[in-house]
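*Asks:* Got chain Z; can you put chain Y on it based on the hints?
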Amino acid sequence: MRFWEDEIKKYEGRIEKIEHSPHPTKLGSNRLLYEIWRDYRRHSLAAWDAGEPFVYGRGVAFRILKAMKLHEVSVGFEGDRAGKKANHYLGAARNLGYPDHGCDRIMAGLGMVFSGDLPKPALTITSNYPCDPENQASLISSRAFGCPSIGVDIPATTDDKALKYVVSQLEDMIRQIEQYIPGIRYSEPRLIEYQGLWHRQHKALKDIYRLKAAVPCPIAGSDSFRLPPFAIADDPRVAQYAEMYRDELAERVSRGFGAVDGERLRLAWLVSAPVYVDPWTFLAGKGVSVPFFEFGLAAYAFGFSQSDPWTGASERGELSPLEEEARAALINSWSGPAERRVRDLLQACRDLKIDGIVHYQLWGCPNLISSSQMVADRARSELGLPSILIQGAALDAERLSWSELQSKLTDFIEVCLANKKR
Amino acid sequence: MTMVDTEQQLASLLQAGAEPNNTKWAREWKKRGGKVIGLLCSYVPEEVIHAAGMLPYHITGTLHGQPKESLLYWPSNVEQYYAHALESLLTGGLDFLDGVVCTDSTDASRRCLDVWRHIGKTPYCYMLHVPYRRAEVVNQEFAGEVASFRDSLQSHFSARIADDALLASIRLHNRMRAEMAKVYDVRKLETPPLSGAEFLGLTTAALVMPKETFLKELAEVFRYLAQRKTSLPVVTPRLMVSSDRLFHPGYLEAIESQGALVAMDDLDTGSRYFEQLGDTDSDPIESLARRYMGRPGTPRMEDWDRQIDRMIALAREYRIDGIINLPQEFDYPRHFASPYFRQRLQQEGIPVFMVSRDHIPAHIGPLRTRVGAFIEMIEAGDNKSFGGRA
Chain Z
0 MRFWEDEIKK YEGRIEKIEH SPHPTKLGSN RLLYEIWRDY RRHSLAAWDA GEPFVYGRGV
60 AFRILKAMKL HEVSVGFEGD RAGKKANHYL GAARNLGYPD HGCDRIMAGL GMVFSGDLPK
120 PALTITSNYP CDPENQASLI SSRAFGCPSI GVDIPATTDD KALKYVVSQL EDMIRQIEQY
180 IPGIRYSEPR LIEYQGLWHR QHKALKDIYR LKAAVPCPIA GSDSFRLPPF AIADDPRVAQ
240 YAEMYRDELA ERVSRGFGAV DGERLRLAWL VSAPVYVDPW TFLAGKGVSV PFFEFGLAAY
300 AFGFSQSDPW TGASERGELS PLEEEARAAL INSWSGPAER RVRDLLQACR DLKIDGIVHY
360 QLWGCPNLIS SSQMVADRAR SELGLPSILI QGAALDAERL SWSELQSKLT DFIEVCLANK
420 KR
Chain Y
0 MTMVDTEQQL ASLLQAGAEP NNTKWAREWK KRGGKVIGLL CSYVPEEVIH AAGMLPYHIT
60 GTLHGQPKES LLYWPSNVEQ YYAHALESLL TGGLDFLDGV VCTDSTDASR RCLDVWRHIG
120 KTPYCYMLHV PYRRAEVVNQ EFAGEVASFR DSLQSHFSAR IADDALLASI RLHNRMRAEM
180 AKVYDVRKLE TPPLSGAEFL GLTTAALVMP KETFLKELAE VFRYLAQRKT SLPVVTPRLM
240 VSSDRLFHPG YLEAIESQGA LVAMDDLDTG SRYFEQLGDT DSDPIESLAR RYMGRPGTPR
300 MEDWDRQIDR MIALAREYRI DGIINLPQEF DYPRHFASPY FRQRLQQEGI PVFMVSRDHI
360 PAHIGPLRTR VGAFIEMIEA GDNKSFGGRA
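One line per chain: the protein sequences are Z and Y, in this order.
According to numbering that gives the first Met the number 0, the residues represented by the first sequence are 0 to 421, in order.
According to numbering that gives the first Met the number 0, the residues represented by the second sequence are 0 to 389, in order.
Quick caveat, the hints were computed from the structure, so don't treat them as lab data.
Since the model is a prediction, treat every value here as computed from it, not as a measurement.
Heads up, none of these hints are tricks.
Per the computed footprint, the stretches of chain Y lying under chain Z, defined by three or more beta-carbons under 8 Å from a beta-carbon of chain Z, are: (1) 69-79; (2) 333-341.
Cβ-to-Cβ under 10 Å is the rule here; a few derived chain Z residues that face chain Y: (3) Pro98; (4) Leu109; (5) Pro129; (6) Cys130; (7) Ser148; (8) Ala155; (9) Tyr164; (10) Ala337; (11) Arg340; (12) Asn366.
Just so you know, even glycine gets a beta-carbon here, dropped at the ideal spot from N, CA and C.
Chain Y with its partners taken away, still in its complex shape:
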């Protein structure tokens, strides 16, 4: 394969999470007679769905225009990821779904599933309870939730989810996570192969493609990535972006367009998606419970200090000059946690900047101006050498 072919292959992989590609694999799966289950939350253990022989598909929501059809159920002053997800459902973009699974990880997520169920277009709707604490009793509770979810899938779809299949699925997902961790390692380079926006394209590809296909396509471009250099004209300052349910790379493109590199992310659609492997030496249900409860959490979880410690560690490891907190407007757990996050990060000497965003790029002009000012502040400030720059 020539370099041009590989570049094209990479470009295609980076566009997998974008419209209209993002439903391509799910539709093909369906055409082959398979079942597709949509996920509305990163706490759903997708291994259970995979082990049932079904395709877990992370719902990105519409990635263009403002929601119209879903407005009746989901007003514009409630987190808009769910509005866009419901818009996809109501406009026929998710007619291929055999089921949808969500959690009660936030008020908005559980209500989205309630509305989904009420609309009645998807035959199977399931909600898992996700504890918000860390404790052994909580892991046991979540293991019970995962077991009930498995039972429900088996019973609704007359499927069999054996322990062996679950373990195989955990191994497959571990492989995907390990490969992604290797790819993320190259973000430490002074000039990484991809921009931050492109990295988000890669992780969202993993969210919408069958894992086997994703791994195969990733393997084909992996070596090429080691030689490639991002086409961004400027690779400093090095920024980290923190958010939840960010699928659209447009925000990262806007940040990088101001003369910076998004060198790392703290996203549940990014590094948090694949951090922490599942244990393959124990009961698979308990292993899944431990993995999902132990992975880096969202601000809805009570362990804020652990979340911030992780960000600080990543900032050091990836030589980050500043952090941009990008809460979705009306994402209350993140909004309420933000002043404390800012305080702690500033105590560590990390410049931090917060700006609210929509689900799809909107008000990009003011965002660019503010990011530009933040970059100037970093470049002029005492924190410039934070973490040391290569």
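Looking at chain Z on its own, in the form it has when it is part of the complex:
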């Protein structure tokens, strides 16, 4: 069974579970989310079977690729979902000589690529930011399948010069895709339509961010990490899901509902999370909510970026469609200097009334591992917040045992409670 067929079964199971025994504190909108995912996987499988072209690429161009009616695969994103087959895929990548200690999201994704569990790319899009391993995965794939590779270089600055530079490369990327894949044409009206869907979604996400600031936090457990699938930019239900999600939170806040009984602490959780265990239920059981999960595009998605000189410009029609895409590529919190990450993160901690920060450092991610201590120092000096730095993996349970993680989190909760009393 191909990986995406497994995925369809997984989502069907979840939908059925929600239908027959809905969880008392989990969000009802999750059902729509799973339906979107199920249908996306079905659609992708049908395209694969029909021999339609797939592009391995980076988030830098996902809406543009949709506007060209192309199917996109992100190796890291697929790796994230490896679930029970993670060890199989990690082993496949390691057997081919990829680094044992590399980012396991990318390693699992490469394992899928080389196991034939993902469609072969017609071309790949590469980009330097936000991280090296994702870029390397695209370069590896283009060499492995002998397909063209198109690069979009992202500068470390966020200004109009940088915007122009990225736009010129996006224009060139479009020209090259049209040249390499017969019958594929870019449609600007289609891009504008998808950006319209994004604006609707973004508006709801900004509300969600604001609602998460409520005390007690209206959301807990794995729902804290639930996000609209941005990459499925052509499905209007994604915006609808974000609005449903927002409305549910608003209803909860209006009646003072807290998803964690007796909320004692509010944590920010950074970078990644172990998907092989469930720390969220564990934390909720100790009265801890997690209103903020840091990912590279969080500040863009929720509208709190501190390095975005174009805030609101898109909604005011001041950016061209490609400038809007360039802007999204430029303001990732994990790109450029660490100061960008620090400023975005501290802003989220202020906005969401955070009491402590868990840095879940992903092995193989030098970008975030080596900026953790300075983030922790700044959170302590500017906001008085304690941090814990935990090295682990997303998929590879060998890196960190569940008992060790529980013990570290338990100790950290005590530290945060003591700090809060001061």
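*Replies:* Relative to chain Z, chain Y alone:
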């Protein structure tokens, strides 16, 4: 000067990049009232610093012991060159620096500069964006980066960097590169004057010394090099070593101790440092951008095939019997590119062997054993005559 004197002079030059010598020239420069700017990446156009009348100094990091002070900021599972560089900073070994410049060429390099800035011991910290692609638009972008760097240096240090000074600096660096290319030519000899480890000593000398001084000292030993023969007991098989940010010759010594000659390198601290001259007939900023974007890249750059083609060409030119890929542990661009590099090199009939290394020699015993096995494989294998041996 007698042969003994010249040999001593050569020995001293080959030790210039080693501790404690490697900061000697920078400290003297500083004592004379000059400014010293540390570089953490080979993509920084050092000509700009030189043209400002300052000393560009390539930071080697501590070359002994495991980092302790930097562990707080730089865990042991992130590329260790930067840990050793931060260790130098935190233990006072780089107190003479007036500034430090790095690039975002890898995740680790840009984060190292972030940590450097955060520690706050060096007054001036600057990061250049280095595009990872090859295209005209990219050269223009990098020219803008180089121009901004020049403006920043001028403004921070109240210095003036005129176009004439930049052109003079490009000429000086070209001279250094041309002289090094001549020296590298003798590596083609059956018995070259220096071992591979000694050649690394020579190139790291160029990284830490003022270029004028280096050129003068190199000129004094250049003729002698033509007569000299390496003291290595065995000069076959001829190996090439490929890596990034390798400063310590200990790894090459360990390889050669197993009965081989490191006859060529693919190192950014070696041949890649001086390959490709800067154009002196055009705008100096554009010339620098073209030179740095056009020089042989690291696996972080997207042009993997160009990098491998260069290695293949060098292997033929220098009659290489096998290539040792020595990625630093946790250097992800090189690690992820390695399976493809291996595949392409093997398709060309070049035996290739990969072993991870630290920044300073560690686990040398197992390395020697594995290198020994690789040498045996080359000597027994069908690829023995690859490239033809003189």
